[in-house]
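Enquirer: As they're listed, the protein sequences go chains U, W and C. Using this note's numbering, you'd call the opening residue of the first sequence number 1 and step up by one each time. Using this note's numbering, you'd call the opening residue of the second sequence number 1 and step up by one each time. Using this note's numbering, you'd call the opening residue of the third sequence number 1 and step up by one each time.
Everything labelled a hint here was simulated from the structure, so no lab data went into it. It is possible that part of the hints are untrue.
Unchecked claim - With a Cα cut of at most 25 Å, we get these calculated DSS-like pairs of lysine-lysine:
id, chain 1, residue 1, chain 2, residue 2
1, W, LYS134, W, LYS170
2, C, LYS52, U, LYS47
3, W, LYS170, W, LYS150
4, W, LYS98, W, LYS191
5, W, LYS117, W, LYS148
6, C, LYS52, U, LYS68
7, C, LYS52, U, LYS80
8, W, LYS39, U, LYS5
9, U, LYS35, U, LYS23
10, U, LYS23, U, LYS47
11, U, LYS121, U, LYS80
12, W, LYS134, W, LYS100
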Amino acid sequence: MMQDKLVIADHSFDSRLFTGTGKFNSAKTMLDSIKASGSQLVTMAVKRIDLQTGSDDILQPLVDANVKLLPNTSGARDAKEAVFVAQLAREMMQTNWVKLEIHPDPKYLMPDPVETLLAAKMLCEQGFVVLPYVHADPVLCRRLEEVGCAAVMPLAGPIGSNSGIQTTAFLEMIIEQANVPVVIDAGIGRPSQAALAMEMGADAVLVNTAIASSALPVEMARCFATATDCGRQAYLAGLGQVTKQAQHTSPLDIGLSQSVINQDSSLTGFLDDPAFRGR
Amino acid sequence: MSFAEYFSGLDRDSLSMQLYSTTAADVEAALVRPRGDLKSLLALLSPAAEAYLEQMAQRSVALTRQRFGAALNMYIPLYLSNLCANECDYCGFTMSNKLKRKTLNSDEINAEADAIKRLGYDSILLVSGEHETKVGIDYFLSALPLIKPKFNYLAMEVQPLATDEYRQLKQAGLDAVMLYQETYQPNTYAKHHTRGKKSDFLNRLAAPERVAQAGVDKIGLGVLLGLDDWRLDALLMGHHLAFLEQRYWRSRYSISLPRLRPCTGGVEPKVLLTDRGLLQMIFAFRLFNQELEISLSTRESPALRDKLFALGVTHLSAGSSTQPGGYAAQQTQLDQFEISDDRTPAQIAQVIRSQGLTPVWKDWQGQWSN
Amino acid sequence: MSVSNESALIALHVNDSRHQVPQGTTLSELLAILAIDSDSVALVSNGQVIPKSQWQNIACEPNAHIELFGAVAGG
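The following block holds chain U by itself, in its conformation from the complex (with noise of 0.2 Å):
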């Protein structure tokens, strides 16, 4: 099998199915999940401890299982947070990869354009590799790149709707004009729609609610896996233009197809007209 690593910055990976680990029922199936999976990079939150409860270390597991860690700026509502935010992560986790992610509306979690140009440009100049969280927005994905982003990631619809790809037209102009990597994040619901995401050409994508929400996530997981990897190959493989009449896979018969030619319709027959005075 060919190699097909996805590059992004200084980093190479075999799996392009990035996972998260939020909503897990167990520290121990959302491990035992992104095992399954097959990921090599997954986001985690940064949030204030409690001093009194404490909290689970997820991050010593996820090391020990050789996966690369991405932390995510979400809870900041504008760009001065996000970059406080993936100040803080970077010392944290000893990784100056970031997830920016800003966004101010608690309803729809909808990514705020302005404040995410404004913090990616910030943090590119102070060294982070950057993945930006926003909407398939095209000029938006291209002033990311413009500011130093080391890939992009627009949604497919809304976090944790597993509503399916809601944004298919953008996407493409996104995946056809970027050159950077394409991470289609959030609102994949299925493992199709997984598959559909990589046979559009995005070079991963990010799931975390389809598999931490559904009954079995550890096969779940699997199977995101196996869509991932079936979609991408896929699309290595060249994929098929969908036509709205039949085009014949065996050929016409010639003197039938002769005889079906209106040369009127011809746009090019003029031509073969020994009349005709080209040059």
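Fit chains W and C to the given chain U structure using the hints.
Expert: Just chains W and C, lined up with the frame of chain U:
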């Protein structure tokens, strides 16, 4: 990476081999691909694709209508000067050619612009030979303020300039720059450009990037079809186009398809580009890039131009003169190339309308930036 | 009342709760006192992110507002 670096990484011999070993199956695969790319462009420019010309034509028409509607944009060239410090054997303005040299002064520029306005045009292409000292940035900066107030869209086809010079011209109202590599084969290029700054292949190759970096709205590429193998030159132009469009996404792009024509001097085409081949080129590029503007000059015969209007072309000139001062007063000796279609703009507009298409004279309104 | 320097206590706010620690306690020592694993936290003192490499060298300031952050599950 600059385009020069990208270009040096291309194996032109290999691309040529691929062109000539393309099979019918390759062409069919290219035709079903939902969006064009360089791989499908190669297949569609190959000899094997000739058998699929009608199918390519149908798709080209459909894609062009979808993107451009029925509009055909009219523009006209204004030759400012035929002074030239280059030796290019295919061009009437070549340095050693003994013809009367003329550079328009302000009064003459105004007279030409007014004569052109009476023809109904609003989009103008300023053309000159390449003479850095006498017809350089200072001359252009003095000419633009005379011309831009009269025309909404202003393009230039002159010598390669520096990025900063393009920026200055943009401030003065420049909307588009046409810069043709002529041929992307360095050896052939050297044979035809023997003296002057134009003999520097790499400098010319890098110029469209400078235009893009200056933020000019439209960048036009082109090859002089016939200097070398037109299929390979077209393919390399496609690479140039893809490279620029990927990086300089705020600009739009156009190509021109000049076929080698007799001029005062005369050069025979190395590889003949037939009418069939010209059509194949138009279709291949339309299928490669739906947004690409495709420009047709008056070098082609009326009969062929009429056929091409509907097939994928988006911009054309009519009633053109290729000599400085040629609109205000007819002269005979100064032409850059022989014009084949000398019908008036009104006649051509009539033909366009009779085909159910719409001639468009004004497509732009500079509001805030000029 | 005079108290010798070694036993002087300073007040700190750590994640909004008040603590008292001996003057001169370093940030590393503070974490040990609070039984927090230094590997998995980030520390902010008076609004500044303090690099982990400095925790052994920096003493807690009197009345400092210290905030400790950890990684939690999230997408």
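Enquirer: Next step is simple, just say for each hint if it's right about the structure.
Expert: Results for each hint:
1. W:LYS134 with W:LYS170: 21 Å, holds
2. C:LYS52 with U:LYS47: 17 Å, holds
3. W:LYS170 with W:LYS150: 16 Å, holds
4. W:LYS98 with W:LYS191: Between LYS98 (chain W) and LYS191 (chain W) the Cα gap is close to 21 Å, so the pair holds against 25 Å.
5. W:LYS117 with W:LYS148: 12 Å, holds
6. C:LYS52 with U:LYS68: 20 Å, holds
7. C:LYS52 with U:LYS80: 21 Å, holds
8. W:LYS39 with U:LYS5: 22 Å, holds
9. U:LYS35 with U:LYS23: 16 Å, holds
10. U:LYS23 with U:LYS47: This hinted pair holds, its Cα atoms lying about 15 Å apart.
11. U:LYS121 with U:LYS80: Holds, because 12 Å separates the two Cα atoms, which is no more than 25 Å.
12. W:LYS134 with W:LYS100: At roughly 16 Å apart (the allowed maximum being 25 Å), LYS100 (chain W) and LYS134 (chain W) satisfy the hint.
In the structure shown, no violation is registered for any of the earlier numbered hints.
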